[in-house]
Amino acid sequence: MISKMTRFSLLMREKNSEIVLQTLQELQAVEIVNTQLESEFPKRFFFQSVVETKTNESIQMQLTKLKEKILRVQQAITFVERNGKSVKVKRRVLSFGEIQKAVEETSLFECIDQIEQLSFEREELLQEMETLRERENFFSLWRSLDVDMKRFSHYATVRAFSVSFDKKVVDLFLKEMHEDFDGFHSEVLSENQNDAQVFLLVRAKYGEELRGRIEKSGGQILSYHEKGKPLENYHILQKQKERNQKALKKIQKRTMSLAEDVETLYLAEENLLAEKERLNIRLKTNTDESIRYIEIWVGELDAQNVHTALQKLADKNMVVIEEVDTKEMEVEKYPIQFRNNRLVQPFENLTAMYALPKYDEIDPTPWMTPFYFVFFGMMVADIGYGLVLLFATTLALKTQVFKKSFLNFVKFFQILSIPTIIWGFIYSSFFGANLPKNILSIPLPFPLISTTRDVNTILILSLAFGFLQILTGLGLSSALHLKKKNYVEMVTEGFAWQGVLIGGLMYVLGEMILGNSGIAKLGIVLAVLSTLCIILGPTLQSKKKGRALVKGLYNFYGISGYIGDLVSYTRLMALGISGGSIAAAFNLLVGFLPTPLKWTIGILLIVVLQSLNLFLSYLGAYVHSARLQYVEFFGKFYQGGGRALEPFKMAEKHFNFENKSEKE
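End of the sequence shown = 691 in this note's numbering, gap-free, step of one.
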C-alpha cells in the first residue's frame, strides 16, 4: 500500500535550527523540501532575499572546513587499512548518541596527525626507493667496470667512454675500431637481449673521432659523473635500500599499532557525514539570518512519532509546527513511501526496479507478492535447493547486520525458500532425486504431480495461474479507473476484458471438458457482450463516433496480446521440469562412476554440478518470475512514475543507525 503523506512547515530561530535538524535526522523518517525552489510561503514571508545571506556564507565556510575534515579522516582510514593489519569492523546498529560519545575531536585529530605523519614518511621513503631502484638498475649494467670513470676526465693522454650499443652492431664496431686506432682498448661489461654495455679506452688524439664514430653507429655514450667505481656504488645503493626497507617495516609496525583506531575513525566519518548533511539541508532551506523556515514530508506510519518529537521542541519554544495544505498540489510532487506488512515488504524492491507508483496509483506489490511467491517456487521446485537457501539466508540474518538497502534482498530470498520447498514436495524432488515411496512401511503421497507423467497437468496449472493473474490485473485496472472516476475506461479496459476471457473459458469448459452446452452458450453471450462494450465503449464519450468506433475495434485487436500473455506462463512448466531434469541427470552421471571414484571425485563433482544448477535455477526463476510480473501483469493496469521518499538520515556508510521513529 502507498502511505498517506503529510507535509509540515517548521519555523524556528536560526540558533535552534541545528537541534531541530538533529532531531529530524535521528528520526530518519522525513524528507526535507528544498523550499528555495518549491515553497511560495517563504517568498511572501521574508522581506529580503533569502538566498545570499551572511548566514549562508557562514554555512558555506563551515561546509568547506567540514569537507576537509572528512577528507582527512577518509585518507587516514585508507592508509591504515592498506598498510596496517587488516581490521574488520563488524557492521552493527548504533544510536545517534553513541557515535557522538565515541568521537572526541581533539584526540581524534591527534590520531589523524600521527597517521598523516606516517603516511608522509612512507611516501618519502617510497619515492627515495624508486630513485634508488633506478640508480641500482643503472649501476648493475656497469658494475663490472672496475675503474673510477670520473678520474679519466683529468687524464690528458687518454679518453674513456662507457657506451650502450645495439647488440647487433657491437662486434663489427669493435672490430673496426681495433683496426683503425692503435692503442684502442675495449671491454664488454654486460649484455642483455637487445643491448651491450661496453667500456672503450683510446688515445686522447683519437677521442673526438671515436665519439663521432660511436654516435654514427647509434651508440649512446654514458654521461657518468658519479664518484667511485660502479661496483662500489652498486653496493652502497643496495645497503641504502636495505635501510629503507627496514624503515618501511617500522612504519608498517607503527601503523598496525593504530589499527585498533579504525573503528573510531569509522564512527568519526559517520558523525562528520551526518553533520555535512545537516549543513546541506540548511543551505537549501530558507533563512533571513534570524528565522529559518523548513518544510518536511512524512509518511502516515511515522507522522505521529515525528509530530511527538517535534512537539517536545515546540514545548520549549524552539519550533513552531503547522500542517501544510497539499490538496491543490500536483500529484507528481508527492514522494512515495510503501506501507506493507513484513511478508510483502521484501517484494517492494521488485516494484521499485520497474517503477514506483504515482501517489494516486495502486501499489501493485501486495497483489504481485502471492503470484511471485507461487511462480518462483514452481520454477525451482526442489526441497534440497529450498533448504540450502533457507539455511543460508537465516544464518546470514542471524549472524550479520546488513545495509538496510540489502536487508530486504536477503529476506526476499528467505521467504522464497518456502515455496521452493513446498513445490519440491509436490514434484517429489530432493536435489533431483525422488522422495521415497514410503517410510517405515507408511506410504507417502509424493509426488502429488509427476514431472514425467503429468506434464499436461502442469501445463494446465501454469495457464490457470496466468489466467488468474491476468484477471487480477484487469480488476486492478477497473479499480484504478473507478478511483479516478473514469467510468467508461473502468469497463472497456477492465471489466469487459475480464468478461471476454471468462466467457472464453466458460465456452472451452462447457464445450470440450464438461460437455455442458448451457455453460458454453452462457460463455459465448458473456464474451459477445463484453466485446461490444470494448468496441462501442469509446463512442460514449466522443463526439466523433466514427473515429471512436475505429479506436474500439483497434482496442479489441489487443485480444491477440492476451493469447501471447497466457502462452508466456508456460515457462512455469518449462523451468520447473528442466531444472529437476538437469539435477537428476547430474545424479545419474555421478552414479555411473566406479565405486572408488563415486565416493571421492564423485562427491566433489556432485557438489559442484548441483551448486551450478542451484544457481542457474534461482537466477532463471528470479528473472522469469519478474518478467511475468512486469510484462503480463503490470502491463494491464500499472504505469508508475513516482519518486521515492528520500529520508533525511545518517549516511550509514559503516554502521546502521536506530530508527528513532520506530523505536518510539
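To be clear, the hints were calculated from the coordinates, so they are not data collected in a lab.
Some clues are possibly wrong.
[Claimed, not checked] Straight-line C-alpha distance at most 27 Å; calculated DSS-like pairs for lysine-lysine:
no.: 1; residue 1: Lys311; residue 2: Lys42
no.: 2; residue 1: Lys115; residue 2: Lys311
no.: 3; residue 1: Lys343; residue 2: Lys360
no.: 4; residue 1: Lys94; residue 2: Lys510
no.: 5; residue 1: Lys511; residue 2: Lys354
no.: 6; residue 1: Lys303; residue 2: Lys625
no.: 7; residue 1: Lys438; residue 2: Lys385
no.: 8; residue 1: Lys578; residue 2: Lys128
no.: 9; residue 1: Lys438; residue 2: Lys510
no.: 10; residue 1: Lys354; residue 2: Lys303
no.: 11; residue 1: Lys115; residue 2: Lys42
no.: 12; residue 1: Lys464; residue 2: Lys311
no.: 13; residue 1: Lys676; residue 2: Lys339
no.: 14; residue 1: Lys425; residue 2: Lys243
no.: 15; residue 1: Lys202; residue 2: Lys254
no.: 16; residue 1: Lys311; residue 2: Lys266
Everything numeric in this text was worked out from a predicted model, so none of it was measured.
Are the Cα positions of Lys676 and Lys339 separated by 27 Å at most? holds, 20 Å
Can you confirm whether the C-alpha distance between Lys578 and Lys128 stays at or below 27 Å? Distance of about 68 Å is beyond 27 Å: violated.
Holds or violated: Lys303 to Lys625, with C-alpha atoms at most 27 Å apart: At roughly 61 Å apart (the allowed maximum being 27 Å), Lys625 and Lys303 break the hint.
Sort out whether Lys354 lies within 27 Å of Lys511, counting only the CA atoms. holds, 15 Å
Hinted pair, alpha-carbon criterion (27 Å max): Lys94, Lys510. Please report holds or violated. Measuring from Cα to Cα gives roughly 49 Å; hence the hint is violated.
27 Å Cα cutoff - pair Lys311, Lys42: holds, 17 Å
Has the given pair, Lys438 with Lys510, been kept, meaning a C-alpha gap of at most 27 Å? violated, 33 Å
Check the hint pairing Lys425 with Lys243 against an upper bound of 27 Å on the C-alpha distance. violated, 77 Å
Are Lys115 and Lys42 close enough, with their CA atoms no more than 27 Å apart? Outside the cut-off at roughly 40 Å; violated.
Taken at face value, is the distance from the CA of Lys266 to the CA of Lys311 at most 27 Å? violated, 60 Å
Would you mind confirming whether the straight-line C-alpha gap from Lys343 to Lys360 stays at or under 27 Å? violated, 32 Å
Mind checking the alpha carbons of Lys354 and Lys303 for me, to see if they're no more than 27 Å apart? With Cα atoms ~34 Å apart, Lys354 and Lys303 exceed 27 Å; violated.
Of the numbered hints given earlier, the model fails hints 2, 3, 4, 6, 8, 9, 10, 11, 12, 14, 15 and 16; all others are met.
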